[in-house]
Each structure stands twice: as structure tokens, then as C-alpha cells.
Amino acid sequence: MRVFLKPFAASAALLAVSLVVPASAKASEAEDRFAIMELMDRYGVVHDFGSPDEYADLFTPDGEIAISGGPVVVKGRDALVAQAKRDHEKYVSPTGPNGENESFMRHIVTNRLVKLTGADSAEGSCYVITLVRDGSNGPALLSFGRYADRYVRQAGEWKIAHREIKLDFGNQALGEKLGFR
Numbered sequence: 651m652r653v654f655l656k657p658f659a660a661s662a663a664l665l666a667v668s669l670v671v672p673a674s675a676k677a678s679e680a681e682d683r684f685a686i687m688e689l690m691d692r693y694g695v696v697h698d699f700g701s702p703d704e705y706a707d708l709f710t711p712d713g714e715i716a717i718s719g720g721p722v723v724v725k726g727r728d729a730l731v732a733q734a735k736r737d738h739e740k741y742v743s744p745t746g747p748n749g750e751n752e753s754f755m756r757h758i759v760t761n762r763l764v765k766l767t768g769a770d771s772a773e774g775s776c777y778v779i780t781l782v783r784d785g786s787n788g789p790a791l792l793s794f795g796r797y798a799d800r801y802v803r804q805a806g807e808w809k810i811a812h813r814e815i816k817l818d819f820g821n822q823a824l825g826e827k828l829g830f831r
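The sequence shown lines up with residues 651 to 831 when you count with my numbering.
There may be inaccurate statements among the hints.
Said to hold, decoys possible - Computed cross-link-like contacts, DSSO-like style, restricted to lysine-lysine with a CA-CA straight-line distance of at most 30 Å: (1) K809 / K740; (2) K725 / K816; (3) K827 / K816; (4) K816 / K735; (5) K765 / K816; (6) K809 / K765; (7) K816 / K740; (8) K765 / K827; (9) K725 / K735; (10) K725 / K827; (11) K735 / K809; (12) K809 / K725.
Unchecked claim - Okay, the calculated beta carbon distance ranges per label pair: (13) G726 / L791: 18 to 24 Å; (14) G768 / L791: 32 to 38 Å; (15) A769 / A823: 44 to 50 Å; (16) A805 / D728: 17 to 23 Å; (17) D728 / P789: 30 to 36 Å.
Since the hints were made in silico from the structure, they are not lab data. Every residue gets a Cβ at the ideal spot worked out from N, C-alpha and C, and that includes glycine.
Model the full assembly from the supplied sequences, consistent with the hints where possible.
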């Protein structure tokens, strides 16, 4: 009789655990995590091909960027738009097929991690690899590092509130050639 009851006891325990966390809460958490991961990916594409306004729209109105534990270097929508305009002047030209923007820089985002810290807040990190076209030499590695982010949901959309760029490796000679300081 005991052997017969063990499967039922295990099933009852699983049922009890699944009732503690409603499926809708699990689905909502998964949807939030997916939306934030999509935001991480969209950052790379928009940085390389989007407009300065699209870039700033990825952030909260007071969104900020800091570099490797240093002070905030860009803060607020106007500063984000200005930064994107400077980047586009250096790295994007409207000479692609069909008049599309052509960028010689690619931000490749990978290894994304997201931790929900509240109903409308989260933290996350990802690796970023930056490739550039180096004249006729083809693609070259400019840098690799990590983004450490804080996110907030505003008006139903997840936005970057704070991004810290942690540079693990940078090709200094190539960076200087391209106008990075």
C-alpha cells in the first residue's frame, strides 16, 4: 500500500507547489524578462542603424550612461540624442542600398541575464562585442565588454535607466584611428 501511495504523494506535492505561484505570475515574469532582453538587443541595432531619437527612446527621460565605474558621462534625453548624433556623424552614412543607413560599426549583444527586482524594476547584464569595418581590411574587433544595466517600466514599456559600460578589452590603436579618445 505504501508503494502505491508514493506517486500520489509526489503528485500532490507538485500540485501544491504549482498553486503557490500562479501560472499568470510566471507568464508575466517571463514576458517581462523577454521584453528586457529584446530591449538589450534593440540597443545594438538602434545604435548602429537607428535615428538619434530612436536611440534616446530606449532610455528613461533621465537615463544615463557611465563608463567602467567612473562618473556618468551622458545623462538625460538631450544628451543621449546629442551622443547618438555624434556617433552617427562618425560611423553612419546614408549610402546603403535603397538609401538606407550604412554603418561600419556593429554592436553584438549576447549572454543576456535579467533579474526582476520589483514589479517595474530590473537589473541586467550582457556581453557586447563591437566590430568595425577597417578600410579595405574588412571587419576588425574594436572592443569587447559588458553592459550592466538598471531598467524601469514606464507607461508599460521597459527602458534603460542606467547603463554602465564595462570595457574588458579595447583595440587602442584602432580606436584612435577611428577618433575615439
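Tell me, which hint numbers fail for this structure?
-> Hints 8, 13 contradicted; others consistent.
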